[in-house]
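Asker: Construct the entire structure; sequences and hints are all you get.
From first to last, the protein sequence lines stand for chains D, C and A.
Quick note, this note's numbering runs 11 ahead of the 1-based positions in the first sequence.
Quick note, this note's numbering runs 11 ahead of the 1-based positions in the second sequence.
Quick note, this note's numbering runs 11 ahead of the 1-based positions in the third sequence.
Hints are all accurate, no fakes.
No copy labels: a pair is met if it fits in one copy or bridges any two.
In the DMTMM-like style, the derived pairs of lysine to aspartate or glutamate whose C-alpha atoms are separated by at most 20 Å in a straight line are:
# : residue 1 : residue 2
1 : 192       : 138
2 : 192       : 254
3 : 192       : 76
Keep in mind the hints are simulated off the structure, nothing from the lab.
No experiment lies behind these values; they were computed from the predicted model shown.
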Amino acid sequence: MHAPRDLALMTADVLARLRARRPRVHCITNAVAQNFTANMLLAAGAVPSMTLSRDEVVDFVASADALLVNLGTLDTERRAAIDLAIIAVGAQVPWVLDPVLIDRSRPRRELAATLASRHPRAIRLNDAEFRALAGVEPSAEALARYAATQGSVIGLTGGRDVVTDGARTIAILNGDALMAKVTAMGCAASAIVAACLAVEPDAWRATAAGLMLIGIAGEVAAGAAHGPGTFAPAILDTLHGLDAGTIVQRARLEQ
Amino acid sequence: MHAPRDLALMTADVLARLRARRPRVHCITNAVAQNFTANMLLAAGAVPSMTLSRDEVVDFVASADALLVNLGTLDTERRAAIDLAIIAVGAQVPWVLDPVLIDRSRPRRELAATLASRHPRAIRLNDAEFRALAGVEPSAEALARYAATQGSVIGLTGGRDVVTDGARTIAILNGDALMAKVTAMGCAASAIVAACLAVEPDAWRATAAGLMLIGIAGEVAAGAAHGPGTFAPAILDTLHGLDAGTIVQRARLEQ
Amino acid sequence: MHAPRDLALMTADVLARLRARRPRVHCITNAVAQNFTANMLLAAGAVPSMTLSRDEVVDFVASADALLVNLGTLDTERRAAIDLAIIAVGAQVPWVLDPVLIDRSRPRRELAATLASRHPRAIRLNDAEFRALAGVEPSAEALARYAATQGSVIGLTGGRDVVTDGARTIAILNGDALMAKVTAMGCAASAIVAACLAVEPDAWRATAAGLMLIGIAGEVAAGAAHGPGTFAPAILDTLHGLDAGTIVQRARLEQ
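Answerer: Next comes the structure, spelled out in structure tokens:
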């Protein structure tokens, strides 16, 4: 049912839908990530907005097709915006939680725990952030248990990405070491997951599609890059020009 | 009087003045656009500053040669900075209004209407933003009427740019589709218009020069780019190295 | 004792330590510089964080190996963060002051003077900023006297960089004119100095190493760039791949 080839074809189809429907993705995200995230969303076919102000965030979220809540550079304005946005987003519009660096800050960890209980459609994080959020090592079982308990898809990224909703689990082996050398790459991946959720109602499939797109674009881009500096424009070019054939040929999945 | 060739030569001359005089352009602009806008101003020969704080914005504006007011990511600090800056800018120093995404937010639309009545030398916007600001479709007549009523030059950008002060109207056909795939390209265009206003007292000519520079740099850069990622550095390179011959040869204008 | 070749070898060794130890550098820096600074730190082997919030900055600084305090886009949140961070940083962890554009703003100049008296391990600035801070022309004698009086290493950058702690002075002639055409290049240099201070206890050597790395990476990158746009990714690539042989061969130092 979720044979690797089917998931790769599904991912190609999600990308086609992004380009056709151009979903609006409102991002409450950190100051370091805003520009790169906006450019990654545009490269994928989506339309980004980034406003944080309490006067305006409700208007933006009300006309958005998906919401990203990223906890980086979490200041007073961002805290207020997150609350307003999650209330405004309503049950129909999916939102993604990215609990950036919660392993480095206690108040942020507490906020992440509260937000995780407010039913994000997906949570995208790395090993250290999962440990800080769930209080356990990120084994396949722990990830599945946490996803099932929370009712959110977990998208864990690293050398090997894992996507689970508790019942279904897939590992994505695509990607390149240069991805860890460009700031905000994980933040942008979360935004792409939000965009995919806007066009694919099955949150597990949408999250897998988003991380597969980033992983495949990353490894193709690495072939064109001379280091982390040229890698960033290269992944934007690659994502913008990615075709179904490349996705199907490159996808490396493990059940 | 405004034959296309004359306007192209004027634009080349404005660029030469930017490089010789290095005007200071203070930008109150959105968080997504700050870095790219600063780099575009530097590439054109201008000197950017970006401070928003109410303690400092007056000092920065007082020593600036032009001011940009961009309404993106409009938070409390930016609202306060805009008020202080417009008071500080004085009658001699030109300022540009960029009413970003006012079609998405009612409070921002109201602020834009108030600011438009405070005599910006130019307003740079797109179709949807003009509709939200003026309440009518952006026909050539409506643009000219709005410009004449407000006493501001209107620079409407899109597939075809239109610059009008009510009496004079020119369409600029330069540009490339990749320009819509890089975030903050319009914001940077507004900053370049502000820089041109610092060295060219005729606001209509300055606005036309700014949009012509961006359009021509954009289409030259598109030839060197592999997608939106490499397009962003390419437009910076092109603007930095642009020469009079290329401007005169490439300019595609319609009266 | 500080023969040019020894200093170049020391710089290569500092870079090797950066890559091996991956020091955490917490940056309170301006909105324009955050993304590029994070990418420069990653390219050098360090791990950046950028949070400003008063709830979190203490947690981040407490687990950091060095701190950067950059006064650009100085708003209320940044002012509060600076105070908290300098208290939290403790005597063992080095911090760097970058008094950006204090020649343009009186309140910022006053803050810089106060911060300079709180014993930053190094102060990185340009000619105009030194004049505004010290009230005298940046002659070799004035720089040495100011460094000795303050007890901080001074790293003055420009066409020719000068590093002095009062007793020892070296000039670094590496670099390229394109470095002045990319926003936040100086800000990123200060962050690299902070990273070097995390792995090299002699602050004069660390500051010289940081500025040598940036200058050498800059001139190698200029050879691969077509203008300021492609120069920014090129300097990231170059810094990421820089080897000891290139450093020793390229270093141009004057005592």
